[in-house]
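A.B. asks: What follows is each chain in one-letter form.
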Amino acid sequence: MKIAALFIALVVSQAALTTQALAAQVPKGIELAAKQELVRSNGPEPETLDPALAESVGANQITRDLFEGLTATTTSGQMVPGVAASWKQTNPTTWVFTLRKDAKFSNGEPITAEDFVYGWRRYLDPKTASPYATTLAPFILNGMDVAESKKPLNELGVKALAKDQLEVKTPFPVAFLLDLLSNTQFAPIHKAVIDKFGKDWTKPGNMVGNGAYVMKDWRVNSAVVLEKNTHYWDAKSVVLNKVSYLAIEDSNADVKMFQSGETDYVERLPPGSFEQFKKSNPADIKNGAMLGLRFYAFNNKDPLLKDVRVRKALSMVIDRDTLASKVTADGQIPAYGVIVKGVNGADVTAYDWAAWPMEKRVDEAKKLLVAAGVKPGTKINFTYNTDQYHKKMAIFAASEWKTKLGLETEMENMEFKVLMKKRHDGEFQIARHGWVADYNDATTFLTLVQCDSDANDNKNCNRNAEDLINQGNQALDPAKRKALLTSAAKLVMEDYPMIPLLQYTLPRLVRSNVGGYFESNPMDRFRSKDLYLIKR
Amino acid sequence: MWKYTLRRILATLPTLLTVITVCYLMLHMTPGGPFDSERKVSAAVLANLQAKYHLDLPLWQQYLYYLNNLLHGDLGASFRYADWSVNDLVAKALPVSLLIGGLSMLIAVFSGVLLGIWAALRQNSWVDHALMVFCNIGGSVPSFVIGPLLVTVFALWLQWLPSGGWNEGQWRFVVLPVTLLAVINLSTVGRVMRGSLIEVLSSNFILAARAKGLPMSTIVLRHALRPALIPVISVLGPLAISSITAAVVTETWFSLPGLGKLIVNGASNRDYTLVLGLVVLVTFVAVLFNLLVDLAYALLDPKIRY
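Respectively, the protein sequence lines represent chains A and B. Heads up, the first sequence stops at 537 in our numbering, and the numbers go up one at a time, no gaps. Heads up, the second sequence stops at 1023 in our numbering, and the numbers go up one at a time, no gaps.
Note that these hints are calculated values from the structure, not bench results. The reader is advised that the hints may include incorrect statements.
Keeping only pairs whose Cα atoms sit at most 27 Å apart, straight-line, the calculated DSS-like set for lysine-lysine is [unchecked claim]:
| hint | chain 1 | residue 1 | chain 2 | residue 2 |
| --- | --- | --- | --- | --- |
| 1 | A | K423 | B | K769 |
| 2 | A | K152 | B | K769 |
| 3 | A | K342 | A | K279 |
From the derived model, a few chain B residues whose C-beta atoms are all more than 10 Å from chain A [stated by the list, open to error]:
| hint | residue |
| --- | --- |
| 4 | L727 |
| 5 | L816 |
| 6 | V868 |
| 7 | W888 |
| 8 | K929 |
| 9 | S972 |
| 10 | I1021 |
All residues carry an ideal CB built from backbone N, CA and C; glycine is no exception.
Next up, chain B with everything else stripped away, as it sits in the complex (with noise of 0.2 Å):
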């Protein structure tokens, strides 16, 4: 196993190359530049700015001086945010996204999978039908319709809970933000966790478990549980990625200071090297997450051995 998930973190590499290489000739391809703006800036002054980011340079050499400096861990200056390198804003916004996005994760899965089960068992009951309502609602109504109402009910008629704002992740900034990716994703993992559970329920070896008198709990806790999270498994990497990493109408809507954000800051301000440094990383936790997603596997289906 650890030879496997050794060949899987070199075999990042061509990956990451190939994106940032996409990526790079993409950013410069498309129209507008970092610095054209309302006023326009005059040919003397425009000469000055890129010379200072060094877009003087032929694309082939700015491209390789950007990969020597990536492979020093330096992600570069930002075009934008003059004052802030890429690797200040990466490290500022990233344990912001973790925070919400991990939060909602483990939220969502624990919920999703309970509610899952829950609704599997009472298949086709009411119980079922409300769980699966709810669900289709939370998987169907779009985050910035959720958002709105959560704002509207808790922030502004309850008044328990500030609307937006970070203030440091203090935890009463952090609630509606990770209830809201808490939702969108429990929606997903419960119906999911529901189909699998039911198919699962209806296996041969399951009839034989049945058969021999074994308790239900036991049947579903040791026997049906393991198989059934599989494709539970395979929707979590997605799940997480896009959670930590593009949560922008959350980000925006709450006014967090997230990687989504950035990213899409990053890309209407031509901010070449913010854009890049946030595909690296995302691109890293991509790999990242299918990794784990595959390992886990390992861990729930007896037949795959790496």
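Chain A on its own, in the form it takes in the complex (with noise of 0.2 Å):
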């Protein structure tokens, strides 16, 4: 009974949800700027513009303005609804969308469920070979046995009910399915555009999309040029006519571009360069945290480091907030747990030493060595890719471990493929990484500390742990579904499988006179079609 009672008060506050405003307004009193074109900076050149390839955060940045999935996610960071526009779910593993009657591709033919469907298949086909396949396959009913080719794409849980109505299965209660449907991987695609043009469908004058803008120009390294899609169902609160990405790799140039008025829109400032243009730029600095985690992954299998003393004596004498607020200097959050501030689904958990003076944590730090038998002088290897920002973290490592424990860092600096492969592979002791949630939910954090996960390169295994969040996934009360992912993300950080160190932060500059930007967007997703530009 308790728990029908709590799925029909989730249904209705999913309900109410549809009727929230749609698209970020310009506010009153503000005055439009004549010309409504935007330069962004978008990093290096996108691998892909079709939203079932696409897996960089620069790729996804323009599939989210070409492509809309179900629902869609503010500057603000809100999900609102997409190209659905409403929705029910008729039991804690279904969910039927109705679609807007006015939802249209950008060459003008209306939006079915079929489209959704087939872009669903075609996204998780093993054909397609996406790389970002099973980052999302696991939500979806049979997803993930799809895209291993153990069963046919007509039985992945996703079917057209009416040309209006999707149903969508799920495996066990997705909690934040609304927001993982965000994710333009799962936007409606038009096949006959496939079919007549096949890889080259996303072409300039192929290309057939459903978002806020249609690609006007692609030039390789160069720029993407976008133009507002006029067949688009909430074009009127489109305000920018025109957008370009500009594929700028180095962020000193980047920085030069906006300094000359190329460009509107810095993607990353240079590292050290924030407190520089705090000062200097203090209308354009923005500086968002954001759902993301830099660690040092530990090898739960290598000899020195299975003693889980060993791990917690390394990771207990690193200063955060030094390491923050001197060595990064770029906003950054310290971090004590694998869960990050912001993300739903769980709370922040942190270590209980956290709290204590450094002193006292040096000592106990010193006592699990000696019990563990680790002697000072001993050597361990810390493996990063080259690069300054890497480097920096790393030297204030070893000088931590060094002055503090006595113990000696061999660092060892190599290419980023190289360390990728061999952190995959297990070849480290201590080695660099860092993780941006996929969607703003818990678990995608909790997959870097699960047993038999993909993404955790610690091979560590707590199976208490795996009971709980097994337990939250399956729970249809939020709270209780939080409850259990946050004694999870406690329990098994306890096992000290990592060292978390700080949560990622976005400094970046963003012209003044560019409105709908929001600092509070931790998932770093800036629609364009939310954005506009204030007169001068």
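Need the complex rebuilt from these two chains, each delivered in its own frame; the hints are there to steer you.
C.D. replies: Next comes the structure, spelled out in structure tokens:
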């Protein structure tokens, strides 16, 4: 009875959500610039603009302008309806979405539920070979089996009930499904265009999308130029007429282009320059916390590190406050757990010793090493990919281990791909790692420390924590789920599988006349439809 | 000469095959594959990806598959840039590199030869010293110092030119990168030209010409210039190749969509086909330029005949 009541409450709350405002509006009294053309820098060249294959932040930033799923995320981080006009959860693992009547592709053709079915099947089709398939597949019924060729495409948990009705089945109650569906991997796809153009369907002139913008031009390694999609269902709310995404790899070059007035947006400031720009560009500087964690992976199978006392000692002597304020110095937040601030589904956890004075932490760490039989002068190996930012952090960590515990660190820097290979293969002792959330839920971070998870390079496993996560995933009551996942996060981190260090922030410059940009956007999703240019 | 040219072109084929084979093996021996990223892809997805790019075949079969495609003019699909073939990527980057590299070489050769002549004719004067100081600065200060300096002065302070970007090769976007590459190459050409002309001017046949009372301009233009240009021509080959295919710093600093950046990104992404495609192109360009240099020798030196 209790579960049924909870479920009804859940359905009601979700139905209410659909009545919320659909898009960010220009506040009253703001005078818009006559020319609404935004130039955004977007990091390296996107690897693709096919939403099924897009994996990088830069590629997804553009595909969110070109495509729209059932739901979407605003620039203030809120989940809002996209192509779906409303939805209802008919049982804990079944959802029915009703599509907007006015939702159209950029060629003017109406969007039907079948376009979603095709798009989702295509995304998980082994022939498509999306490198991102197994990230989101586990949340759709039979998703993993389809992606791994164990079941046919038509057994995927998505079905068109009517032209405007889409049924989605999940393998367990996915509390964050609505947020998940804002990923453009779940966008509707125009089958006829792909049948006609094949791999070339994403080229300018060929692509048919359903986002607020259409592709006007794509100059490789230079720019992707978008123009307003007049067939977009919410076109009246779209203010920017043209958006150019520039491929700028070097952050110093990025800043120079902003300073010389060629761009309105610096994707990411060069490391160590945040304080300087805070002073020189106070109106343009932005730095919101994002759902990302910098940490050092421990090889839990390593002869030295398989002892939890050693792992704990190494973790507790690193002064995260100094690391954040003096070493990286770009506003990042000290982290003491696998769950970061702002993520849904679990609370931030921290070790008890995080509040201790450093002297006490060092004393305790030394005792732990003595108990584990680790003598001063013992060598540990730390690997990181060649990068000034990582190097600074690595030198700091090595210095903490040397000065506080007397341990010698062999620092080994290598090319990114080499580090990835070694880390995935378990050929390391301690290695640099970083993780950015794929969806706003604690489970994206828990995959880093879960048994048998592909994302777990530590190779740790805590079966009790695993049980709690499984129970959390089955829970219908959000509060209960949150409590279970928080307990799991706390429990697994008591095994010290890794060293959480800092929560990512995004120090960037956004021209002060760009409206609609909010720092409180932890997923770092800034659809151009919510931005506008204010008259200067 | 035509026979010689044809022979040289045919001799390119074994060179190309050797370069491709060595690069192919080296790429596959390098640790880390094209699909290794921060997030480990599952075994099943990795298998899908490998099947898509034929990486599931034995290495020798992959190699033959690649060579077969190459013979048909297909450089293959890029492993990194899923929407583009390597042919597409090269076709888009090559004109950028040709324009930037070609223009900078033209300016560098023309100005470098003039500066070299001027310095040689005023040997050990203040003009000579000043020009050589300029050339030494251009040759010794790295491009990653000159580049930011040009941007700071002309883009940020004076705001005459954009600090980067390509914009379909609009002249304003071309000026600074061309200047940077030209300054670097000009220094080399100028120094070589000066040294060579000084040496030629002290030759017996020039002394004889002087003794006959010929004016200096005639001596330089008609008698000294051609032999003095031979060492300059020798350095032009490597300079031209590096300006077109290896201007990585210039391309990165000015955010240009050229070949240099493509090569570096291809290698770091383990984009095997992209790297091999560019290696084929660079080898071809290198062979072509070396051939042009050898043919130019024959034009400049009557003693050389093919």
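A.B. asks: Next, verify each hint and record whether it holds.
C.D. replies: Verification of the supplied hints:
| no. | hint | in the structure |
| --- | --- | --- |
| 1 | K423/A with K769/B | holds, 24 Å |
| 2 | K152/A with K769/B | holds, 19 Å |
| 3 | K342/A with K279/A | holds, 23 Å |
| 4 | L727 | holds, 34 Å |
| 5 | L816 | holds, 13 Å |
| 6 | V868 | violated, 5 Å |
| 7 | W888 | holds, 16 Å |
| 8 | K929 | holds, 58 Å |
| 9 | S972 | violated, 5 Å |
| 10 | I1021 | holds, 42 Å |
Against the hints set out earlier in the document, violations occur for numbers 6, 9.
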